[in-house]
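Peer 1: Residue numbers (the working numbering), protein chains in the order written: chain V, 1 to 334; chain B, 1 to 334; chain L, 1 to 334; chain C, 1 to 334; chain Y, 1 to 334; chain X, 1 to 334.
Think of the hints as simulated: they come from the structure by calculation, not from any bench.
Mixed in with the good hints, there may be bad ones.
The list treats identical chains as one, so a pair stands whether inside a single copy or across any two.
As the list claims (entries may be wrong) - List time: in silico SDA-like cross-link candidates among lysine to any residue, alpha-carbon distance up to 20 Å: (1) Lys86 x Thr127; (2) Lys86 x Lys211; (3) Lys220 x Leu208; (4) Lys38 x Asn49; (5) Lys251 x Gln209; (6) Lys50 x Glu14; (7) Lys251 x Glu136; (8) Lys50 x Gln40; (9) Lys86 x Pro187; (10) Lys251 x Pro294; (11) Lys38 x Glu14; (12) Lys251 x Gly159; (13) Lys50 x Pro294; (14) Lys251 x Ala241.
Each chain, written out:
Number of protein chains: 6
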Amino acid sequence: MYIDVHGHISAPAELYAYKAGLLSHRGAHGRGGAGLDKEQVVTALDAPNKSFGGVSHRAHLDEAGIDVQLVSPRPFQMMHSESPAKLVEWFTAETNDAIHLACQVEPRFRGVAGLPQSMELDPAAWTAELRRCVTELGFVGAMLNPDPYEGTAQPPGLGDRFWYPVWEALCELDVPVLLHSAGCRPPARESYSLHFVQEETLAVVGLLQSKVFADFPELKVIVSHGGGAIPYQKGRFYASAVRQGATFEEKLRQLYFDTCLYTADAIELLIRTVGVDRCLFGSEKPGTGSVRDPGTGRWIDDIHLLIGDIDWLTDADRARLFEGTARSLFRLDA
Amino acid sequence: MYIDVHGHISAPAELYAYKAGLLSHRGAHGRGGAGLDKEQVVTALDAPNKSFGGVSHRAHLDEAGIDVQLVSPRPFQMMHSESPAKLVEWFTAETNDAIHLACQVEPRFRGVAGLPQSMELDPAAWTAELRRCVTELGFVGAMLNPDPYEGTAQPPGLGDRFWYPVWEALCELDVPVLLHSAGCRPPARESYSLHFVQEETLAVVGLLQSKVFADFPELKVIVSHGGGAIPYQKGRFYASAVRQGATFEEKLRQLYFDTCLYTADAIELLIRTVGVDRCLFGSEKPGTGSVRDPGTGRWIDDIHLLIGDIDWLTDADRARLFEGTARSLFRLDA
Amino acid sequence: MYIDVHGHISAPAELYAYKAGLLSHRGAHGRGGAGLDKEQVVTALDAPNKSFGGVSHRAHLDEAGIDVQLVSPRPFQMMHSESPAKLVEWFTAETNDAIHLACQVEPRFRGVAGLPQSMELDPAAWTAELRRCVTELGFVGAMLNPDPYEGTAQPPGLGDRFWYPVWEALCELDVPVLLHSAGCRPPARESYSLHFVQEETLAVVGLLQSKVFADFPELKVIVSHGGGAIPYQKGRFYASAVRQGATFEEKLRQLYFDTCLYTADAIELLIRTVGVDRCLFGSEKPGTGSVRDPGTGRWIDDIHLLIGDIDWLTDADRARLFEGTARSLFRLDA
Amino acid sequence: MYIDVHGHISAPAELYAYKAGLLSHRGAHGRGGAGLDKEQVVTALDAPNKSFGGVSHRAHLDEAGIDVQLVSPRPFQMMHSESPAKLVEWFTAETNDAIHLACQVEPRFRGVAGLPQSMELDPAAWTAELRRCVTELGFVGAMLNPDPYEGTAQPPGLGDRFWYPVWEALCELDVPVLLHSAGCRPPARESYSLHFVQEETLAVVGLLQSKVFADFPELKVIVSHGGGAIPYQKGRFYASAVRQGATFEEKLRQLYFDTCLYTADAIELLIRTVGVDRCLFGSEKPGTGSVRDPGTGRWIDDIHLLIGDIDWLTDADRARLFEGTARSLFRLDA
Amino acid sequence: MYIDVHGHISAPAELYAYKAGLLSHRGAHGRGGAGLDKEQVVTALDAPNKSFGGVSHRAHLDEAGIDVQLVSPRPFQMMHSESPAKLVEWFTAETNDAIHLACQVEPRFRGVAGLPQSMELDPAAWTAELRRCVTELGFVGAMLNPDPYEGTAQPPGLGDRFWYPVWEALCELDVPVLLHSAGCRPPARESYSLHFVQEETLAVVGLLQSKVFADFPELKVIVSHGGGAIPYQKGRFYASAVRQGATFEEKLRQLYFDTCLYTADAIELLIRTVGVDRCLFGSEKPGTGSVRDPGTGRWIDDIHLLIGDIDWLTDADRARLFEGTARSLFRLDA
Amino acid sequence: MYIDVHGHISAPAELYAYKAGLLSHRGAHGRGGAGLDKEQVVTALDAPNKSFGGVSHRAHLDEAGIDVQLVSPRPFQMMHSESPAKLVEWFTAETNDAIHLACQVEPRFRGVAGLPQSMELDPAAWTAELRRCVTELGFVGAMLNPDPYEGTAQPPGLGDRFWYPVWEALCELDVPVLLHSAGCRPPARESYSLHFVQEETLAVVGLLQSKVFADFPELKVIVSHGGGAIPYQKGRFYASAVRQGATFEEKLRQLYFDTCLYTADAIELLIRTVGVDRCLFGSEKPGTGSVRDPGTGRWIDDIHLLIGDIDWLTDADRARLFEGTARSLFRLDA
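Please model the entire structure based on the sequences and the hints provided.
Peer 2: Encoded structure:
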């Protein structure tokens, strides 16, 4: 059984037209709404999509045999750095509502909440939407952007007390959080996609050098895309770990990582580095990787096939990786 | 016959979803495109629209009996202040293309070009798109935003030499320009809609205190929404005009104004102030004013009815106002 | 009887030389003072003034037959954006003292207080001077600048809680306030005079979209110069008013407006829009409009003659407009 | 015979009221003018002045027996940091014109020109006013402010090529320049008066560490107020001078200094440091020092008496100091 | 034979005391110099160093059996973001001179030049020092920092024309360049060491998305530390490469990479990703990794042992990796 | 007997190499330490030093016959404006520890504490280090920098309440404070050395115009280098002092001054201005002035010889100046 912890909503165009309108009138038309209905949502899930290799979201799930997908907002659309804050609040709520609609029409989906991470608001204020999604809409987790400035300024590091209200709410609601940055604006040199990698790298180091897990021992944090550069660059941290009397791998195992890496050698490196019990199957499917490799004919985001190719994994390993750990972390029904 | 010089495109949601995508990936996905086709455009023109009183764009034209409408981009969607500049260029071109498609499916439409007014570009660079629209797509005019910063900084006043490349291109192509601001971003105190009024007020004074019309005697400038505050506040400028040996009304008659004012008394004040030959019928229909007045049952943007109510206008006046001046300014076929 | 609610002090040159000194030494010479005496004040009121058409302040009053004039500081001299704040405090007090002196030598005058609106101070701190003027000097009202930054930054909108200490003091002292901006500094595109219009436009919309009148039902606010662009552009606000179940004219009638508009058609539009009972005679005489119109021979600021020309006003209307409303609002003795 | 090289104009209040107006309307009223006439100028020179100990400018000259006074603008009024630049240009010209008027009514005066030192202009542009004053108005020197930002930003040091157009014009016109800063604005910690001292200190070091005198061997520079801190702190520069094979006193003698120091011991230190031939009598009278010392009964700015008290000066020394050097530097008729 | 392309100078304390002095006097003491002599340099190379596990630089080389080491400045000491630029120029030259001295006393060393990368200078100005080092001091390569702002601002990406003068000089002198960032200052969230990883990630993508190798086909670029995150995250770039008709591995092979990664699995991933012929042995020894692993007893930076453990490498592979490619790229004598 | 109140530590190069390291890694290596031992300190004190005329610190003391020297950090090395604050804290403590070591090896030394004056910290936080030095290390005084921004921004003036926590701690511990600025960074026009003079000038005026001595009557403040420009420019303050009914000399005598002025005439002016009982012998030896005057053969910083040359001082004067006042202020054992 495949539980994919890293999926994003494929929403109707009207959701993004709504966003474009918000960014244009900046609130002058009031909150309004995208006005989505189930029919639009179904159509969007079933429409062949050029960005996804000409195939629909549901066709991708069918082909890969994904049984359950945890669905969060499209990160690059989240616009956390836009102003005034109410735009961020409105669009986040509308997006979470779209996810909720999708969960109603597609039984494979479980909701993962986006947060209205405007830096004009206090992080404590972000958690109201998290509570709404978990307690009212039945969502099973949250997604958190370590850089709500989206590349335009330096946010507090993830180890800073600034983020504590979020950790508190996550622990209280007992849901895991997926770390995943959103957009990246000029004059940054990187695209949003490369920004993901950079931010995940910072996130891992920022958390491990802090007291967050001492203060929140129950906190469950999943780093997207295999943890940025860290498993590959882990040796860089060995010396200081030695000086502190621990190994860096031990420290890394305070975190969880998804497998959304697109190559078998990288996934192997990840699993060997942090242990199979700290990895969760994540495909981000359909998405950036939904292109067929002309050599193999596979979709680039056929992460399940890449994992399937790793011959040294046991059946028990695979069960944990594809299902077990996700099921227990997100408290999904068996 | 009614020629409405002030209409904006009612485009499919996909155009704005395209815009939302650009703002999210900031160019990382490349230019791509909204991928509009005529069918989508027709659907958008015929779809009942809640923002427009539950009635479609074409139904509005039918009901008002508008024979020709000059169609420009929705100003508040133009995002001139976004970065990098290529986003502005791409979206402007895509919007002008959408207008071109609409002109093909709806014979009442004539195109008015938006310009990619990013302040990261030189105004001379903006005019390439103007040339494309006029020479390749058959557009008959242009729309110009006096505040490409959209409220975030002080642009050069319209009398400044900064704008001369635009005046030069307009004169060379012999097309009129409609002055109309776009968005307005925090921390400005006004909405985009009130910003229209403020910018038109500045535009009139900025042009009249400059040498623009001495340097470009052939330039044809139409100020939207009846010229902001100026006809009402004209007396404030009398004293300095007296000192210069002219009347302020004479100076005002270097400009044209549209009638998009929504009340008969304001339209009357405008016509009396600048003369009927300096006014053009403009309804911005459907748009902000597409709400039925519960008292009269009329649409608030039934500008043609308001003008119809002005009993002191002669038939010749009406003919000029509704058709003649527009026809000659924009060189429309009879 | 004519009560002119919008007059500004014609002070001796020494008051402004004092200001020039403050701006030069920035407080190094201490507060000092302009050292005005009644003789200087009388001389200044009776001196023919080139800026005022070669005629003195009192000769203007005589010629127009103004019986009572409410006299406030020359707004464009108020320098609210200068630093440090004590300069603003000192000059405001000195100016109010000059007005007090003028009230002593000229029985037609009543004082309207300027406030030391430095943004380095809290608005609550501004009200000390208001109290002094009302309780010690017998002033009957206040003047308030909605943009103490004088065009160099974005102040909080008038609906913001920032301004509540001022509304509280006005209600407690039971005096009306005249909204009137002060200077306007580069790089703004407009002169201080056009800034008046822009700020009044923002002021009206900012107040009407807020809860100020719900929170301060006794507050009496007079917008200068006929309310900027609003009566002319009122139709732009009809649609949203309809959606809220009110007419925009009803909302406008929460405010008062002065008639300082210089043309009969604009004054007519104002009266028809807000009702004669919401208009007060204001001439700003002598001032910007103190130039003779070569066509009519009238002074451009002969507002009383413009009103006199409006044939549809009844005698009762005129009595309210010229005297009654002012007398009751400002609680002037009969 | 006493030639005082450091006097400032005592202008009518109308000059400063004109300045206050410029700062308020920022050019919206046009250049206009202070409209001074000789009668006003005479009155201002003869009016007892509280800031000057209750005595008039001419009475001060009479009492001190000053035979010739070089008169420049009041430095602290020069407002070089105000914007837009035309305000600085207009007020500087108006001030120089006031000095010219004063020279016509008072035979003891010779004009020293202020320059319109706006940093929005190029220094080459400042020199037009210098040329006008020297060639048309007969002025004999110039005053230069080393900090046209008036404490709000860091200007180029006096050794920077930025200043070369000024040195070129001075050499071409063959007139000396008096270094004297103007105002000092927040958030600087010092008053304009202490800023004089700080700027003179920087000016001396800036010039002596540069190639200015190598490039302009004919340049004649007088540092006001005895050179700031330098004669007192000269020892601080000995070590580096030794390393360069010169004495610091030799380097200092490239400059001239005025004696405007108010205490005999400081004047003695100055003369001993730079040599009597590098000192010029300057009193800045009337001015900051025009207060009677209760102990001695003398005016604090009775610099001539302080010099008179120095018993080791020869008659020839005194002749040079009081007259000879000034006469030759400024090419005054015998 | 081991040629280590990634070594940094272990300089005497006096070099850094010189730097501390420069940062304190900011040039007021002139250039001066560290005044190093060969004896100090020898002492520094042979001194047991606590930061290096209590062992000297030369003892590390001896123990590892490194035959040739390419020695560049300690990157984190380079202070490219300090001001004024002359400090950077002086310290860079002094550091390169220290390297030159070290090459004279230690036959295993070859010099790799640091550049004075102050953003106050033009990159063309940086290349003078490169020329000096190559043509006068016999250096064999250069080190380049992609972020001369050291985390305080966004520099142009490596694909930008800004960097072309450096590429031109490298090609003209025919020497390779090692990409290696320097310091990282607050408010950045990362230490300089993590900044290395982030900058290398950006560098690889910035170069591969540009026309640099089309414009400079002879350019030889080595990315430090195994290329940041890229070999691990390579799959993220597969889809766009497919769309462009190439594989991402082909694109990566335009660059060279050093093996300074500290773990065998990462080095294996690197070699498999880019090919053994695109990898060079680099140990950064002694340095961050000079700590003994308590488990293995090895030094963490015993990169040669890690490579030795990779059993699938052929002898020919090892010869290329440890010697051949370095020898030909840097044109070292056999 | 000579007690020199103004000496700075001559520390081993390793202290400054430690500083250079901190500025490079910005804390990533942790606090670490300079690791100084007594042997290094002794060596540094006895090493001939090119910057000090080729003579060692102790040889200078021997030659001048200085019996006791109060030793504080080298001010220009203190780097108060560097970030993050912990760098300043660590380096300050390490420097004070070096001073403490020096006091242990050299019986003539007494410690004067530097404070970690980062503007990212509250002044109250600075005083912890002061307490440590006085109560644990036996230091006898403190040094305070009036400009912790080191020329990059405007700090609060010394009269501002910002500084009160420092005054409180000084009074509580009953130790004097030496005012002495530290570095001066671009774009300031002055070097750190000239900045000393400028800051001392501001310090004197800032304190004397404040209520500090009224609020802290026990506070003992010594201004370095003879008080900047003030004794020379004192006359500039006479007039305002007269207006306040005091003499400026009386006000000056609230402060103490050291004699570190390098010329006899300046020292004489100082003593005559403030009185011998307000002067303390200070030589800053060895330092900037440790160059032999080729004319006299003396060291420029032979302040004791300059004082010795002043023939009008009595033996009692000399005793106070060289020993008595220092002994009582700093409570040194007889």
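Peer 1: Take the hints in turn and mark each one as holding or not.
Peer 2: Against the structure, the hints come out as follows:
In the homo-oligomer, the alpha carbons of Lys86 and Thr127 lie at most 20 Å apart inside one protomer (15 Å), although the nearest pairing across protomers, at 33 Å, exceeds that limit. In this assembly of identical chains, the alpha carbons of Lys86 and Lys211 lie at most 20 Å apart only when taken from different copies (19 Å versus 32 Å within one copy). Taking the closest pair of Cα atoms, Lys220 and Leu208 come within 20 Å of each other only inside a single copy of the chain (13 Å); across copies the shortest separation is 37 Å, beyond that limit. Proximity of Lys38 and Asn49 under a CA criterion of 20 Å is satisfied in both settings, with 19 Å inside one chain copy and 19 Å between copies.
In the homo-oligomer, the alpha carbons of Lys251 and Gln209 lie at most 20 Å apart inside one protomer (9 Å), although the nearest pairing across protomers, at 35 Å, exceeds that limit. Taking the shortest alpha-carbon separations for Lys50 and Glu14, both the intra-copy value of 17 Å and the inter-copy value of 13 Å come in at or below 20 Å. Within a single copy, Lys251 and Glu136 get their C-alpha atoms no closer than 35 Å, and across copies no closer than 39 Å, so neither meets the 20 Å cut-off. In the homo-oligomer, the alpha carbons of Lys50 and Gln40 lie at most 20 Å apart both inside one protomer (18 Å) and across protomers (17 Å), since each shortest distance falls under that limit.
For the homomeric pair Lys86 and Pro187, the shortest alpha-carbon distance between copies (13 Å) is at most 20 Å, but the shortest distance inside one copy (25 Å) is not. Taking identical chains as interchangeable, the C-alpha atoms of Lys251 and Pro294 lie at most 20 Å apart only when they sit on different chains, with a minimum of 17 Å there against 39 Å within one chain. Taking the closest pair of Cα atoms, Lys38 and Glu14 come within 20 Å of each other both inside a single copy (13 Å) and across two copies (18 Å). In this assembly of identical chains, the alpha carbons of Lys251 and Gly159 lie at most 20 Å apart only when taken from the same copy (14 Å versus 37 Å across copies).
For the identical chains of this complex, Lys50 and Pro294 are intra-copy neighbours only, at 17 Å inside a copy versus 46 Å across copies, given an alpha-carbon limit of 20 Å. Taking the shortest alpha-carbon separations for Lys251 and Ala241, only the intra-copy value of 9 Å comes in at or below 20 Å, while the best inter-copy value is 35 Å.
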